[in-house]
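2 protein chains.
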Amino acid sequence: MDITLATAAERFKNARRVLLLSHSFPDGDTLGAASAMLRALRALGKEAKFCCEHEIPEKFKYLFEDLGQIYPCREFAPDLIAALDIADITLIGALAQEYEGRIDLCIDHHAANRKFAKESFVDPSAAAACEILCRLMAVLEAEITPEIATALFTGITTDTGCFRYRNTTADTHRAAAEMIACGADAGEINYRMFEIKTRSRLDLEKETLERMEFSADGRISMITIDREMVLRLGATQDDLDGISALPRQIEGVLVGITLREKEDGSYKVSLRTNAPVKANEIAAVFGGGGHAGAAGCTLEIPLQEAKRALMKASEAYLEALS
Amino acid sequence: MDITLATAAERFKNARRVLLLSHSFPDGDTLGAASAMLRALRALGKEAKFCCEHEIPEKFKYLFEDLGQIYPCREFAPDLIAALDIADITLIGALAQEYEGRIDLCIDHHAANRKFAKESFVDPSAAAACEILCRLMAVLEAEITPEIATALFTGITTDTGCFRYRNTTADTHRAAAEMIACGADAGEINYRMFEIKTRSRLDLEKETLERMEFSADGRISMITIDREMVLRLGATQDDLDGISALPRQIEGVLVGITLREKEDGSYKVSLRTNAPVKANEIAAVFGGGGHAGAAGCTLEIPLQEAKRALMKASEAYLEALS
Numbered sequence: 007m008d009i010t011l012a013t014a015a016e017r018f019k020n021a022r023r024v025l026l027l028s029h030s031f032p033d034g035d036t037l038g039a040a041s042a043m044l045r046a047l048r049a050l051g052k053e054a055k056f057c058c059e060h061e062i063p064e065k066f067k068y069l070f071e072d073l074g075q076i077y078p079c080r081e082f083a084p085d086l087i088a089a090l091d092i093a094d095i096t097l098i099g100a101l102a103q104e105y106e107g108r109i110d111l112c113i114d115h116h117a118a119n120r121k122f123a124k125e126s127f128v129d130p131s132a133a134a135a136c137e138i139l140c141r142l143m144a145v146l147e148a149e150i151t152p153e154i155a156t157a158l159f160t161g162i163t164t165d166t167g168c169f170r171y172r173n174t175t176a177d178t179h180r181a182a183a184e185m186i187a188c189g190a191d192a193g194e195i196n197y198r199m200f201e202i203k204t205r206s207r208l209d210l211e212k213e214t215l216e217r218m219e220f221s222a223d224g225r226i227s228m229i230t231i232d233r234e235m236v237l238r239l240g241a242t243q244d245d246l247d248g249i250s251a252l253p254r255q256i257e258g259v260l261v262g263i264t265l266r267e268k269e270d271g272s273y274k275v276s277l278r279t280n281a282p283v284k285a286n287e288i289a290a291v292f293g294g295g296g297h298a299g300a301a302g303c304t305l306e307i308p309l310q311e312a313k314r315a316l317m318k319a320s321e322a323y324l325e326a327l328s
Numbered sequence: 007m008d009i010t011l012a013t014a015a016e017r018f019k020n021a022r023r024v025l026l027l028s029h030s031f032p033d034g035d036t037l038g039a040a041s042a043m044l045r046a047l048r049a050l051g052k053e054a055k056f057c058c059e060h061e062i063p064e065k066f067k068y069l070f071e072d073l074g075q076i077y078p079c080r081e082f083a084p085d086l087i088a089a090l091d092i093a094d095i096t097l098i099g100a101l102a103q104e105y106e107g108r109i110d111l112c113i114d115h116h117a118a119n120r121k122f123a124k125e126s127f128v129d130p131s132a133a134a135a136c137e138i139l140c141r142l143m144a145v146l147e148a149e150i151t152p153e154i155a156t157a158l159f160t161g162i163t164t165d166t167g168c169f170r171y172r173n174t175t176a177d178t179h180r181a182a183a184e185m186i187a188c189g190a191d192a193g194e195i196n197y198r199m200f201e202i203k204t205r206s207r208l209d210l211e212k213e214t215l216e217r218m219e220f221s222a223d224g225r226i227s228m229i230t231i232d233r234e235m236v237l238r239l240g241a242t243q244d245d246l247d248g249i250s251a252l253p254r255q256i257e258g259v260l261v262g263i264t265l266r267e268k269e270d271g272s273y274k275v276s277l278r279t280n281a282p283v284k285a286n287e288i289a290a291v292f293g294g295g296g297h298a299g300a301a302g303c304t305l306e307i308p309l310q311e312a313k314r315a316l317m318k319a320s321e322a323y324l325e326a327l328s
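Protein chains in written order, with the working numbering: chain E, 7 to 328; chain G, 7 to 328.
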């Protein structure tokens, strides 16, 4: 059931022990949201704990390091389970076994939210779950401490690619301004999130750029990242993130394709397109889906075949346009 | 003489024919400021013209294309000459011959502004001259049209590296929010400014990364861009801009050095450092200067000697730190 933000705030206010869930492969938004809510709820006198299928990545540990014990012990019996930035129950991975059907509240900004929680507040106009939480803090009458501001700013800046993506609105900037005024060190956060590249990320980019292939007069570009490369360069998930943005960044490219070899030998395909090409329409050819600008699919065929099939589908799409 | 923003607004209001100056090698801030002021002044019934030593780069032409004739004809006799985003008279290059001593008003955000104009409004807390102009529009009671909002947003986003640099404040985000609310298409502007890479920029990055050299256990990194490379790859000034950010982006790097060969065979050196290293202190060794994080100098010695000298000075600096 859809609820208002005021009702969502009531649910938190009336709870005594809250369990907060982040999605698997956690990013800055789901973790920033969890860090901010852990702090705000504790300040309101609640017991608040946190759960996620995967470990907190090194890059985001600063959001939690002063929070003491955040994981629930066996005896912890929450009277409110809240999902943050989670569009579908499958996105909590293995945790779904334990929590499916038990999630009381979901606060999210994905238009495709499946409303798996008993009550949901979903605002697709928000660039980040953390943008919604900036508003929730006011409704909760929770003080936005520098630590909360840091957490919420982290979510906003990471989900907008540092205010670059098209999801960024005037409200997003207003929320960012407020968080800076409350003590978020925007320069430092952005430096950590966007400026530093590891040597393995650098090497990965170098090799990837060398291998970039073009087709259809430079309107299609494709890169491949295989496991050998990842292992040889010691690239982490952090290093891999964002690489799929590279092909589309080249001038004139309408379809940017990234193939990444998975552990089982299949290929995870990321499609990033520029208007008028719709990435999800190309992904759909291979049983995948997504948005107009970004979509994906999985191919369980040998690499050369996969590349040919993707090139062919993209070329056919461009041909149909002209 | 320093004046208030209200006095600056008075000067514009009392003028009938205004000439606006942008600095040489014009960037998004000086051009966004000029575009916005041309529009605002014309809407207020003034005749407004524009002058810059260099042509408007392709990338920024959208700021002016609907403005008709912007350059002054011989007969144009301005009763107010205003410099926008210009810290020193030398920064208008060859135009200084004509305008030195004649500039009535300067609106700028550089702390190092030399107060070369008869009257100056300089606010170093502003991330961009365009951030100041957002405020000036209100004082002028000028309507912020979508075109003015686009111009001012362009200046703000380019001068902050899309809100990433440490000069970005809560006020910067507030100004951005206002410009979006007034009709700036932030997504489109940021896409044009930051997302698209030309093929020659891509090739330049690829070659530059291959040639990157490290020293002092990876705390110093250095890249060299020679004229042969630039000519062979057909790289433009636009392509070259931002390349000097690359060396410092690598994890662990404290001193990032970029040498760019100039037409006369000398080398323009960009130093980008992370705390606690102060770029201007290293640049000073070679008669250069700048800020703590970014500084520069020029070396008129052969490349290998220049590289050795820069490495040596940087290593000595790091040694003195430890």
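Quick caveat, the hints were computed from the structure, so don't treat them as lab data.
Among the hints, a few may not be true.
Note that the list lumps identical chains together, so a pair holds whenever it fits in one copy or between two copies.
Here are the computed lysine to aspartate or glutamate pairs in the EDC-like style, where the Cα-Cα straight-line distance is at most 16 Å [to be verified]:
| id | residue 1 | residue 2 |
| --- | --- | --- |
| 1 | K203 | D110 |
| 2 | K318 | D191 |
| 3 | K121 | E234 |
| 4 | K65 | E257 |
| 5 | K274 | E59 |
| 6 | K121 | E106 |
| 7 | K203 | E325 |
| 8 | K55 | E149 |
| 9 | K203 | D129 |
| 10 | K203 | E257 |
| 11 | K121 | E147 |
| 12 | K55 | E234 |
_Up to 16 Å CA-CA - D110 versus K203, copy category_ = neither (39 Å within a copy, 46 Å between copies)
*Tell me, please, which holds for K203 and E325 at an alpha-carbon limit of 16 Å: within, between, both or neither?*
Answer is neither; intra-copy 38 Å and inter-copy 24 Å both fail.
*Measure nothing new, just compare the shortest in-copy and cross-copy C-alpha distances for K55 and E234 to 16 Å and report within, between, both or neither.*
neither (38 Å within a copy, 59 Å between copies)
*Within a copy, between copies, both or neither: where do K121 and E106 come within 16 Å Cα-Cα?*
Classified as within: same-chain Cα gap 12 Å, cross-chain 66 Å, threshold 16 Å.
*Within a copy, between copies, both or neither: where do K55 and E149 come within 16 Å Cα-Cα?*
neither (19 Å within a copy, 50 Å between copies)
_Checking an output row: K121 and E147, CA cutoff 16 Å. Within, between, both or neither?_
Classified as neither; 26 Å inside a copy, 47 Å across copies.
*State whether the alpha carbon distance between K65 and E257 is at most 16 Å within one copy, between copies, both, or neither.*
between (31 Å within a copy, 12 Å between copies)
*asked:* Within, between, both or neither: how does the pair K203, D129 come out at a Cα-Cα threshold of 16 Å?
replied: neither (33 Å within a copy, 33 Å between copies)
*asked:* One pair to classify: K121 and E234, alpha carbons no more than 16 Å apart. Within, between, both, or neither?
replied: So K121 and E234 fail the 16 Å test inside a copy (40 Å) and across (59 Å) alike.
*Copy assignment of K203 with E257, given that the CA separation must stay at most 16 Å*: Between copies only: 5 Å across chains, 23 Å inside a chain, cut-off 16 Å.
*Identical-chain pair category, K274 with E59, by Cα at 16 Å*: neither (20 Å within a copy, 50 Å between copies)
*Given a CA cutoff of 16 Å, do K318 and D191 count as a within-copy pair, a between-copy pair, both, or neither?*
neither (47 Å within a copy, 34 Å between copies)
Checked against the numbered hints above, the structure breaks hints 1, 2, 3, 5, 7, 8, 9, 11, 12 and satisfies the rest.
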